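Chemist: Single-letter residue listing:
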Amino acid sequence: MIDTLIFNDIVRGLFVFVLGTAVLIITQRSLTSLFKIYAIQSFILAIMAVVLFIDTGTLNLLFIALLTLIVKTVFIPLFLHKSLKKMAVKRDIQFYYLTPASSIIISALLMFTVYFVFKNFAATLFEDSLFLLGGVIGVSLVMMGMMIIFSRKKILTKITGYLTMENGVLLFSLFMAEMPFIIELLVMIDLFIVILISTVMAFGIDSSIESFHRRLVKFGLEFED
Amino acid sequence: MENWIPVLFAAPTLLIIGILLSFWKSKQTDQADNCSLSLFTIIHTVIYFGISLWLIFAADLPITLFDNEYFYIDALSGYEILITTIVFLLVSLYGRGYVSGLIKAGDLDAIVLKFFYAAFCLLELLLVFGFMSNNIALLWIFIELSTIITAFLIVTLNARENILAALKYIFIASTAMIFGFIGIIILFTLSQKVIDGGSLNWTTLMDIAHSVDPSILSFAFIFLFIGFAAKSGLVPFHTWIPIAYARAPSIVAAVSGIVLNLGVYGILRLYAIGNLAGAGEFLKNFLLVIGLLTVIIAAFSILARTNTKKLLAFSSIESMGFMIVSIGIGAPVALFWMLFFQFTHSLVKTLLFFCAGIFRRQYKSNKFDMIKKPFQLQPLASWGLILGGAAIIGTPLFPIFLAKWNILSVLVSASFPAFVVLLVCFLLVAVGFVLFFIRAFNQKTEEEIQPYQVPSNMKVPIVITICLIIAMGLYIPSWLNNILLDISGILGF
Amino acid sequence: MSWNMILYIVLNTAFVLLLAPLFMSLIKKVKAMCQGRRGTPLLQTYFQLFKLFKKEIIYSDTSSFIMRISPYLNIAFLLVASIAVPIVFIPAQESGFGNIILFLYLMVCARFFMALGGLDAGSAFGGMGSSREMTIASIIEPSMLMACAAMAFILKSTDIPLMFETVLDNSVAQYPTLILVAFSLFIILIVETARVPVDNPETHLELTMVHEAMILEQTGPKLALTELSYGIKQLILMALLINIIFPWGLAVEITPIGILISIALFTLKAVILSVLIGVFESSFAKIRFFRLPDFFMIVFFLSFAIIVFELLT
Amino acid sequence: METLFLSGCAILLLCCVFSLVTIKKSGRNNRRIGFFILLSGLICITISSVLCFLNDTDCGRTFYSITEGLSFGFHLDKLSSLFTGLIGIVGFCTVIYTISYIEHGATGKRRQIFAALLPLFILAMIMVVVSDNMFGFLFSWEIMSISSFFLVMHEREKAETQKAGIFYFVMTQFSTLFLFIAFLVIYKYSGTFDIKNAAVLPDAAKGLAFAALFIGFGTKAGLIPFHKWLPYAHSAAPSNISALMSGVMLKVAIYGLCRFTFDVLQPDLWWGFILLAFGTISAVLGVIYALKEHDFKTLLAYHSIENIGIIVLGLGMYIIFNYYGLEIQANLSLVGALFHTFNHAVFKSLLFMTAGSVVQATGTRNIEEMGGLAKTMPFTAVLFLIGACAISALPPLNGFASEVMIFQAYLGSFELNNAVVEIAMVVGLAAFALMSALAAACFVKAFGIVFLAKPRSREAGRATEVSRNMLGGPAVLAFICIVLGVFSYQIIQGIGFDIPIPNLLPVSILLLLITLILIGFLKLARVPVRIEETWACGIRKQTEAMEYTATGFSEPIVTIFRLIFRTRKTNDKEYFDEAKSITKSTKAHISTLQFFEERIYLPFARFVMRIASFISEKHNKDLETFIVYAFVAIVLVLITAGVWL
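Chains as they are written, first to last, in my numbering: chain C, 1 to 225; chain W, 1 to 493; chain G, 1 to 313; chain Z, 1 to 645.
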């Protein structure tokens, strides 16, 4: 309904924001701000979904936006902060394979290659070039998430990398096709379980075996007998 | 009427998991707990085995369940369910004695026991539902969940390296699965182009395959292939398998050998669709290249192995690579023998893990230089290992020789260089195994080692598996023959 | 086994047995004459054999049954080999004996058991003799086979009586290359009978004797038999050389006169050949042991050249 | 006759199962029962194959099929009945020998496993020879290799057995690999698995199939470039197994070569030359390496290589003569090769068994420490002498009978009108002659050093004669050697080939006659006999140190052929003073270069191992590296997708 020109500008602006947050996540050193940026990114995605809902009118998008808002912007960062307080770790300064500068260059290169690959399929998959751009940014966000996983040391940073990949896929699906809502919901649940297990294991890594159980108690998983 | 089949599967699991979780830490000793808990698991696997037998013999396949066709059982999924349930049954029988050994050795503390068995039963449920699910996204989710459950099973030994191994498993598998999900989205949009609501069911995709644009279908195939490849341990994503198998307890390793089948099942279905859509040429070369790469890398790394379980891990990778190559050939004969190979390979791999488990309990380490006087201490396990090794190498009396002979005879005309490379790799694998066995079984030692008392319920499954393997090596039952024939019919090879 | 064949066998072996010692002493006499001595009387070898037959047999305590049977086998193999080379007259039909390979291998057999006999006594001489004998034999064997191949290629058959017949029917002129074959046969004769350039038959000095070393431990009648077999071997090879080049007078059908003529002519030719051998022996010094392969290479190359010429023309 | 053959095979299988079942009570007597059943099975097989061979009737049936494509059938014709007869006879004698040979060494249970594997090994060999389709052929070929591998590993404590085991396994799998290639290439063009004339192959494929067949069967037969496993496997294996392996298993490989090159593919000319060249090289090098070998069983193993070389060059000549249409010479070389296969199986297993009894009696395999066994073990000595005479082709025996055929074929090659081929034949003749003379020299050394003169060590001195049936088996083989040799002309005529070979019957009668006359003459003369000390230039005490040793015996030949051995003589001295004038001690060392092992096999193995450790080292890295592997792979796949699709 709203004028397409303004719609394109808003969407492009949101794209820039998404890429900004992605780059920040890659280069961020302190974990607390890392989780905040992740929350912002999810929030932007929710807005993107709402904007698309306004444009195309499919009710599904609204549910996805709502779901992302609740789960990804509020609940997961809260859970991550809580688990961060338990662990003594505050900063993740160790970088493998890619320093922040080189990882930015590589993500730019990645964006270009993904665009080059998706270009010759654009006709059948996307309605117009904006949606193609959205899809390309989604896939490159996934690739960036993967880069985070292999270039950072701490498990929590790797989990955030995994979450960014998840956001990338969500962005891709927004611009690609209206997935049935049940699938999105199941994917969200599955995402949450993965994070839960990884954080529990992250605790296991940091602590020695004896104290491993004591820490579990804090999560109520342990029965005091 | 058919709608109650998934319920039939789900009900016992939920019931047993409920009992297990509510199992209060009673007064008896840990061993007693273990007996009762493992009893529940055995009941659970027996029920599953019963249902799968009923599915294969009694029910007239294919059956679609629920109105929106989320669950669908045809000959292929029935066959895969049969393999899974047989292996789980054998593993649960073996597990009873093995876990009591773990507890006695203090590797596994009793608290985690009920979670262990609950996860074990849940894993079986997930695998069966994975094979039954008609919708690719549903299959995707079940695969994700199976990764998590297997990772949890690996962690039960709560040693630091186990957690690292589990984390590696989760991260490699789920990152690749995310790419799989991108593939699903592409596939969904493609199906939307053809039929209005768009669907991800295998059956509908098979029907509309001929009207889909083949190049984009193979593009989606590649993304999905990355996901399934990580799950079935093909070359670039296979690196978690040796670490996970070496750290995990043997029954978990045996079971996760079956989880690999789920990945190969997905690739097979996808290839069938791609073949119908006319993208067969590209997919064949793609699968051949990846398959050969996997076999080569696995064959070479088998040569330099010192750890028994890692040796078995690499031989699993090599077998998966061989299966992918035989799918890549695309001839119905190759498919027939590839499925036969899948069945026999799972059995042989389970046998090998059982024996490796006994050796692990006896010598407290997987390294081959710790194995002293194996024939005196563990005669059954050492003979099981030798027979299993001979079977994996492809010596005639065992079924894998039949599969190799026939697949290679088709591969000769498909592509000669691949044929020669594959043969050389089989030679390397055979040499790797024999080098390992000769060095392991001939260590000289003087000091007296008291043998680890192998309870009889661990011996029974080993003997059963050996008899099954030799029987299949010499005689292929008619019912198996017919199932494999109509599978190649269904998949349109 | 027709009458012709049996008569041939009896006559041939009788002749060989009788005349063998004669030519041994003849060659000794020629060598003595070359050295300016008068040498032993022609019948000396007969007296020696007769004396040895009467002596007692002494076995060394380390020797086994081989020492006891090797002289018998030695002379048995060589007598059977002598049947292959017709001297008295050419037997009528294709007998099983004439094959040239059989002839060569019977001689190899004799040498095999003699070498074993040498080793049996357990002394250093016997061991060295056998080792050197077997080395020389294995180096000369290819040249012998090449000579046989040359003869077979030229005369188109591998049966010795048949070869003699073909040469008898059309004269040597028809086969010019036979002369070259004769030369390599002569060298083979020298090597086989352990003549000077290769090995010294008379000496008992450890370093120089090869053939003698092997029969050092033989005593009494056993030594006589071995000496006799050495004579037989020499006579057969001389007969092969003579009859392949100048077979005249070799009777084909059995008439007493024909046989007498062929015997007489053969003895005459054999005497000339023995003189030749004697002169050849005394004109050479003994070659060093490890120089022998080069010497044999010359013979090998010679017969190889014959065959190549024969094939290419 | 068909039922007789099948019943024989069934008995063998029963025997294998019987000894597996009674593994628990591994008593001596139920092993005996097992062996007697095995003997009866082997007798049935021998009779049926002799019947089939003589009246030339083919019989065959498919008796079991796993699925419609894969079936086991057997087809007994003239060629395969010759080989089954061979397996039957040699197997029969080896089993008699094994009855008491197996009682020494190894624990009870392992003897029981040995008693189970032996019938399986023999049955597998028979099934290879008679199978009518390629699947059955390779199926039993693999079982044969695996069961012989386990038999070789019988005494697996010793380090050298392990090395031999690994070496043997690698080479058998290497040969199976090439057989796979050959069979499936033939299947690709002919469309069927059964072994019959597949004339449809295009030239390139036929050449490739032959090359693969040649390497596959050549490795198993032990031709020169692939022979290295044979000396190790035969010296490490128990003697009855090395008798069976070198006597029979090498012949099965020769059977495969004959069947596939002559029946399945039409041979070209260049195949004949390859067989001739490799046969001659294997024969000459085989015997030269045998000369420097001082381990009793390795010496015999190298002689197996030599005799296999003779057989293969015989086959090569058959192809060449057949191509040029010379009927008689072609027959001569083929019959010569096949007759030599039979003879070699007989006298080689005879030699290995007698060597086995000697090794068991003296407890060592090094012939330098033996000596004087003729007096303490007279029967074994006589049997070994018969075997030695047979193998060095001395006239009345069977070795000569088959070698004279090949000589006759060589000498008859002047009818070839192509000059180059004739020159090649003549060079081959020279090499053949050299080889047979060296073989004679080598066996004079072997027999002389082991059996004659004085024992060189205390164990050799204490050796005693072996039990009755360890002599029974070899005695039967020795008798066969003599019969085959003396009546060779009649046998070959009986079979229906009229080829110009000397009739050895009158020769041997005459030999016997003359020897008897001489012995009678000397007995009549009643010549007195005296036993004295060996004459040693007057030295008082004649010790065994003064005897000629094996190294001494073969030293002249080794120096003549030093180019082939590339012997390295090193002697390092230690001096008292730095001016190096007064030597304290010197250590001399002669080492011959193991050419094939050090130059070809080991460098290749090390190269493969280096790649293996490089790749496997990539697998024990941390999580980040694994994700990088995955990341790079995904990017590559994306790019290929972009480019290709």
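It is possible that part of the hints are untrue.
As the list claims (entries may be wrong) - Calculated cross-link-like contacts (lysine to aspartate or glutamate; reagent style DMTMM-like; alpha-carbon spacing at most 25 Å): (1) LYS541/Z <-> GLU206/G; (2) LYS156/G <-> GLU327/Z; (3) LYS618/Z <-> GLU161/W; (4) LYS54/G <-> GLU533/Z; (5) LYS51/G <-> ASP622/Z; (6) LYS163/Z <-> GLU281/W; (7) LYS158/Z <-> GLU161/W; (8) LYS156/G <-> GLU533/Z; (9) LYS569/Z <-> ASP294/G; (10) LYS51/G <-> ASP295/Z; (11) LYS523/Z <-> GLU56/G; (12) LYS54/G <-> GLU157/Z; (13) LYS109/Z <-> GLU281/W; (14) LYS109/Z <-> GLU161/W; (15) LYS153/C <-> GLU532/Z; (16) LYS454/Z <-> ASP294/G; (17) LYS109/Z <-> GLU448/W; (18) LYS154/C <-> GLU103/Z; (19) LYS444/W <-> GLU155/Z; (20) LYS193/W <-> ASP92/C; (21) LYS193/W <-> GLU127/C; (22) LYS156/G <-> ASP498/Z; (23) LYS153/C <-> GLU161/W; (24) LYS444/W <-> GLU157/Z; (25) LYS621/Z <-> ASP92/C; (26) LYS158/Z <-> GLU446/W; (27) LYS156/G <-> GLU422/Z; (28) LYS86/C <-> GLU446/W; (29) LYS153/C <-> GLU415/Z; (30) LYS119/C <-> GLU447/W; (31) LYS373/W <-> GLU533/Z; (32) LYS569/Z <-> GLU157/Z; (33) LYS29/G <-> GLU281/G; (34) LYS55/G <-> GLU532/Z.
Note that these hints are calculated values from the structure, not bench results.
This structure is a prediction, so every number in the text was calculated from the model and none was measured.
Chemist: Indicate, hint by hint, whether the structure satisfies it.
Modeler: Evaluated hints:
1. For the proposed pair LYS541/Z and GLU206/G, the alpha carbon gap of about 19 Å is at most 25 Å, so the pair holds.
2. With a C-alpha separation of about 16 Å, the suggested pairing of LYS156/G with GLU327/Z holds against the 25 Å cut-off.
3. A C-alpha spacing of about 18 Å is found between LYS618/Z and GLU161/W, which places the hinted pair at or below 25 Å, so the restraint holds.
4. Between LYS54/G and GLU533/Z, the direct Cα distance comes to roughly 22 Å. Compliance with the 25 Å bound is thereby established for this hinted pair.
5. As the CA atoms of LYS51/G and ASP622/Z are separated by approximately 97 Å, the hinted pair breaks the 25 Å bound.
6. This hinted pair does not check out: LYS163/Z and GLU281/W have alpha carbons roughly 47 Å apart, beyond 25 Å.
7. For a cut-off of 25 Å, the pair hint linking LYS158/Z to GLU161/W is broken: about 38 Å separates their Cα positions.
8. For the hint linking LYS156/G to GLU533/Z, the alpha-carbon distance of about 54 Å lies beyond 25 Å, and the restraint is violated.
9. The suggested pairing of LYS569/Z with ASP294/G holds, with an alpha-carbon distance near 23 Å, which does not exceed 25 Å.
10. For a cut-off of 25 Å, the pair hint linking LYS51/G to ASP295/Z is broken: about 46 Å separates their Cα positions.
11. Restraint check: the Cα-Cα separation between LYS523/Z and GLU56/G comes to about 12 Å, which is no more than 25 Å; the hinted pair holds.
12. Distance restraint check for LYS54/G and GLU157/Z: the Cα-Cα separation of roughly 61 Å exceeds the 25 Å cut-off, and the hinted pair is therefore not satisfied.
13. Between LYS109/Z and GLU281/W the alpha-carbon distance is near 56 Å, which puts this suggested pair outside the 25 Å criterion.
14. A distance of roughly 41 Å separates the Cα atoms of LYS109/Z and GLU161/W; the hinted pair therefore is violated under the 25 Å criterion.
15. With a C-alpha separation of about 93 Å, the suggested pair LYS153/C and GLU532/Z falls outside the 25 Å cut-off, and the hint is violated.
16. For a cut-off of 25 Å, the pair hint linking LYS454/Z to ASP294/G is broken: about 36 Å separates their Cα positions.
17. For the suggested pair LYS109/Z and GLU448/W, the alpha carbons sit about 20 Å apart, so the restraint of at most 25 Å is met.
18. Taking the CA atoms of LYS154/C and GLU103/Z, the gap is about 66 Å. The hint is violated against a cut of 25 Å.
19. Between the alpha carbons of LYS444/W and GLU155/Z the distance comes to roughly 13 Å, so the proposed pair stays at or under 25 Å and holds.
20. At roughly 46 Å between alpha-carbon atoms, LYS193/W and ASP92/C are farther apart than 25 Å, so this suggested pair is violated.
21. Our distance criterion of 25 Å between C-alpha atoms is met by LYS193/W and GLU127/C, whose separation comes to about 12 Å.
22. Between LYS156/G and ASP498/Z the CA atoms are separated by roughly 19 Å; this keeps the pair inside 25 Å, and the hint holds.
23. Of the supplied pair hints, the one linking LYS153/C and GLU161/W holds, its CA atoms being roughly 16 Å apart against a limit of 25 Å.
24. With a C-alpha separation of about 8 Å, the suggested pairing of LYS444/W with GLU157/Z holds against the 25 Å cut-off.
25. Simply put, LYS621/Z and ASP92/C have alpha-carbon atoms about 21 Å apart, close enough for the 25 Å limit, and the pair holds.
26. At most 25 Å may separate the alpha-carbon atoms for a hinted pair to count; LYS158/Z and GLU446/W meet this at roughly 16 Å.
27. Distance hint between LYS156/G and GLU422/Z is fulfilled; the C-alpha atoms sit about 14 Å from each other, no more than 25 Å.
28. For the hint pairing LYS86/C with GLU446/W, the CA-to-CA distance comes to about 52 Å; that exceeds 25 Å, so the pair is violated.
29. With a C-alpha separation of about 84 Å, the suggested pair LYS153/C and GLU415/Z falls outside the 25 Å cut-off, and the hint is violated.
30. Taking the CA atoms of LYS119/C and GLU447/W, the gap is about 70 Å. The hint is violated against a cut of 25 Å.
31. The suggested pairing of LYS373/W with GLU533/Z is violated, with an alpha-carbon distance near 54 Å, which exceeds 25 Å.
32. As the CA atoms of LYS569/Z and GLU157/Z are separated by approximately 33 Å, the hinted pair breaks the 25 Å bound.
33. For the given pair, LYS29/G sits about 12 Å from GLU281/G by alpha-carbon distance, which is consistent with the 25 Å threshold.
34. For the proposed pair LYS55/G and GLU532/Z, the alpha carbon gap of about 15 Å is at most 25 Å, so the pair holds.
This entry does not satisfy hints 5, 6, 7, 8, 10, 12, 13, 14, 15, 16, 18, 20, 28, 29, 30, 31 and 32, going by the numbered hints stated previously.
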